[in-house]
Amino acid sequence: MTGYPRPRPARVGPGEATDVRMTVNGAEVTVAVTPRMHLADVLREQVGLTGTHLGCEHGVCGMCTVLVDGDAARACLLLAVQCDGAEVVTVEGLGRADDQHPLQRAFSAHHGLQCGFCTPGMLMSSYDLLANGPRGTSVTPEELPAEMSGVLCRCTGYRGILAAVADTAAAHPDGLPPPANLESRTVLARSRGPAAAEPGTEQPASGRAGATEVRVPSGAPSASVAVSSALTSDIDDVWAVVLDFRRLARCLPGAELVETLDGGLFRGRARVPLGPVTLAFEGLAQVLDSDPGQHRMRLVAQGTDVGGSATQADIRLAARPGPDGGTVLEAAADLHLTGRIAQFGRALAGDVSRRMFEQLARAVDEAARTGADPVVSVPGPARVLLGVARDAARRVAAEAVVRLRTRLRPRPRRGRRAHGPNG
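For the sequence shown, the working numbering assigns the number 1 to the initial residue and increments by one for each residue that follows.
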């Protein structure tokens, strides 16, 4: 492990707060900090990157290891004011769920974890060893126990960790690939000053405005949802609203269309109440396929927030004639979640998405019927959780009724068994 970066002189007095600007995982971040706030707390509490773990908070256990200006450092020993102008890379910057760094893949293959608490520190320390160490990826398996001794595993699960690092070193004799999740974007992180965001709200990653490419999600989705809604409006009126992205965005709670680009691209932002917080995303959407005659559309959307959360969605919309001149609007989506948003669980993400689709359908019906833009409000996190809990309770009750009816259903009588001459 290499030495710590040279401390930068503090420029504030006791009890005062100052803005500190640093680059975190390729993102320019501005945070308001007090002189004694250390880097680990800023990363976790203000930037929202909770992958950096805190253990002893005395620089001994190595759990909080990050890269500062390219070198490994204990985030619990560095004051945030010392990092003004620094480039910081955390474990979130090492790779993405769909594009893991070779070290992450090796840790997974060798089960280089038990409880997982030391894993971020082990990953960042081993990256520093193989990228910056005197022997680089030429380090031998026999040398690894001493070289990796700067991070403690409270489960004593070192065997898989050392095997993962050894395999990664052997697979990259010409040098370790750089971190794979460093983005060029400008972010204004949560501030504790007067300009702070409202409690429980993440600031959007505003610099994503430069992105002009949407990737089609791959792999198994984090959650899938499908909603079928009966509308009173005529199918052509409904589909006219769907094709007008400005009006369609107004029908989705918390969504806003910011800019229309070429090639069926749209830039927008969205506020999503999930669990105890409201996440603020900014990103792109693109129409992949549209058939107005068949009333079908497929689009993909992606967005990020400053806390390291990212979401991709593969969305399908379809409409068919309903009873009494109405319309049945069908909406389905495969959701791919990474970062903190994925920690809320598939069930909650699916339930929240389902409720948003239901609100979308009602708003589309209103817009098609009146010709005016609907008024859609964003429910607070508490209201969303209560709604999700109510829906879950209804599902559990319905399943219980089905089981009870099945149990009480009369069973067909079996025929009497024929007896032989001896029985």
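Hints may contain errors.
Using C-beta positions, here's what the derived DEER-type ranges look like [said to hold, decoys possible]: (1) G219 <-> P173: 46 to 54 Å; (2) S228 <-> G371: 40 to 48 Å; (3) R135 <-> S224: 28 to 36 Å; (4) A171 <-> E358: 43 to 51 Å; (5) E142 <-> E16: 48 to 56 Å; (6) A146 <-> L265: 31 to 39 Å; (7) A109 <-> E16: 43 to 51 Å.
Hints were generated in silico from the structure; no laboratory data involved.
Glycine included, every Cβ here is placed at the ideal spot set by N, Cα and C.
If any of the earlier hints don't hold here, list their numbers in rising order. Hints 1, 2, 3, 6 are the ones this structure does not satisfy, whereas the remaining hints hold.
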